[in-house]
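Quick note, the sequences are listed as chains F and Z, same order. Going by my numbering, the residue at position 52 of the first sequence is 52; the numbering climbs one at a time, nothing skipped. Each number in my numbering corresponds to the 1-based position in the second sequence with 1000 added.
One or more hints might be untrue.
As a list, the in silico BS3-like pairs of lysine-lysine whose alpha-carbon atoms are at most 27 Å apart [as the list claims (entries may be wrong)]:
no., chain 1, residue 1, chain 2, residue 2
1, F, K37, F, K67
2, F, K14, Z, K1085
3, Z, K1111, F, K34
4, F, K37, Z, K1002
5, F, K27, Z, K1023
6, Z, K1023, F, K34
From the structure, some residues in chain Z lie toward chain F, with a derived Cβ separation under 8 Å [as the list claims (entries may be wrong)]:
no., residue
7, M1034
8, T1054
9, Q1055
Hint data in this document are derived by calculation from the structure and do not stem from the laboratory. Here the structure is a predicted model, which is why all the values come from computation and not from measurement. Here a beta-carbon is modelled for each residue, glycine too, at the ideal position from N, C-alpha and C.
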Amino acid sequence: MYFEFDIEGGDFSKAGYASSQLKKILKQLVGDHKIVKRTVVALYEAEVNVVAHAFSGKVIINIDTDKIEIQVNDKGPGISDIQLAMKEGYSTASEKVREMGFGAGMGLSNIKNNSDEFYLSSEVGLGTKLTIIAYLVKE
Amino acid sequence: MKIRDVVGIIEGDVVCGHELLDKEILRGFASDLMSDVLTLDTDDVLLITGLSNTQSIRTAEMSDINCIIFARNKKVNQEMINLAKESNIVLIECESSVFKTSGKLYNAGIKPIF
Chain F
1 MYFEFDIEGG DFSKAGYASS QLKKILKQLV GDHKIVKRTV VALYEAEVNV
51 VAHAFSGKVI INIDTDKIEI QVNDKGPGIS DIQLAMKEGY STASEKVREM
101 GFGAGMGLSN IKNNSDEFYL SSEVGLGTKL TIIAYLVKE
Chain Z
1001 MKIRDVVGII EGDVVCGHEL LDKEILRGFA SDLMSDVLTL DTDDVLLITG
1051 LSNTQSIRTA EMSDINCIIF ARNKKVNQEM INLAKESNIV LIECESSVFK
1101 TSGKLYNAGI KPIF
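The following block holds chain F by itself, in its conformation from the complex (with noise of 0.2 Å):
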């Protein structure tokens, strides 16, 4: 199954929405809720790093048999240094959100915890592409 969203940079009252629909999906298809759980929040904290600091984004989502793969690709700044971005703490969000709840420099570290597999690249002034997989049948 493939799905498509997209993400407007600043606009915060609709972050949230890809990761919902995604949930009402799984749980149609996923017997087990922490698998659904650990998904949905790793895609709702991508889904806000896109608000709070790209232009635009889309997130496309395939889910097979065996596993799900999710990628939010983003028109934006990019990431200079993504180990210093990975570190827990440390952010660059505006105060704005901050406001919302977010921007304490723990998105991308909780992101990588509730995947199985975690990809991160970007090239400054143009983007950043993440890709999180989590597999639905544990060895």
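Dock chain Z against chain F, hints included.
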């Protein structure tokens, strides 16, 4: 403890989810930082917060939290109510501070997560 009993203890006003008040709550977590709430992997948790916006509802939705208390006399808006109804989340408004609300519920037997 049932959500109904929680409402009585904190003298709160139920804004939506009246039909869900018989659900059981075991543990509580108090935070204005949604990033912290999103790191929890515990179920049947009650959230006590002073952050009243759509992201507190979305955070609860993703974290399987089915009851939020808005302390410090924070009010919820219609958009939040609509989102909460979609996800079967009880919203409660309460005049007391987060500290007082948490204290009352802790005394009454609601357990902390850590």
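Checked hints:
Of the supplied pair hints, the one linking K37/F and K67/F holds, its CA atoms being roughly 15 Å apart against a limit of 27 Å. Simply put, K14/F and K1085/Z have alpha-carbon atoms about 17 Å apart, close enough for the 27 Å limit, and the pair holds. At roughly 21 Å between alpha-carbon atoms, K1111/Z and K34/F fall within 27 Å of each other, so this suggested pair holds. Proximity of K37/F to K1002/Z is assessed by CA-CA distance (about 23 Å); at most 27 Å being required, the pair is judged to hold.
Taking the CA atoms of K27/F and K1023/Z, the gap is near 20 Å; set against the 27 Å cutoff, the hint holds. Distance check on the hinted pair: K1023/Z and K34/F sit about 20 Å apart at the alpha-carbon level, within 27 Å; holds. For M1034/Z, the interface hint holds, since its Cβ comes within 8 Å of a Cβ in chain F; the closest pair sits about 4 Å apart. Here the hint on T1054/Z is kept, as its CB sits about 6 Å from the closest CB of chain F, short of 8 Å.
The interface hint given for Q1055/Z holds, since its Cβ lies 5 Å from the closest Cβ of chain F, which is under the 8 Å cut-off.
Of the numbered hints given earlier, the model fails none.
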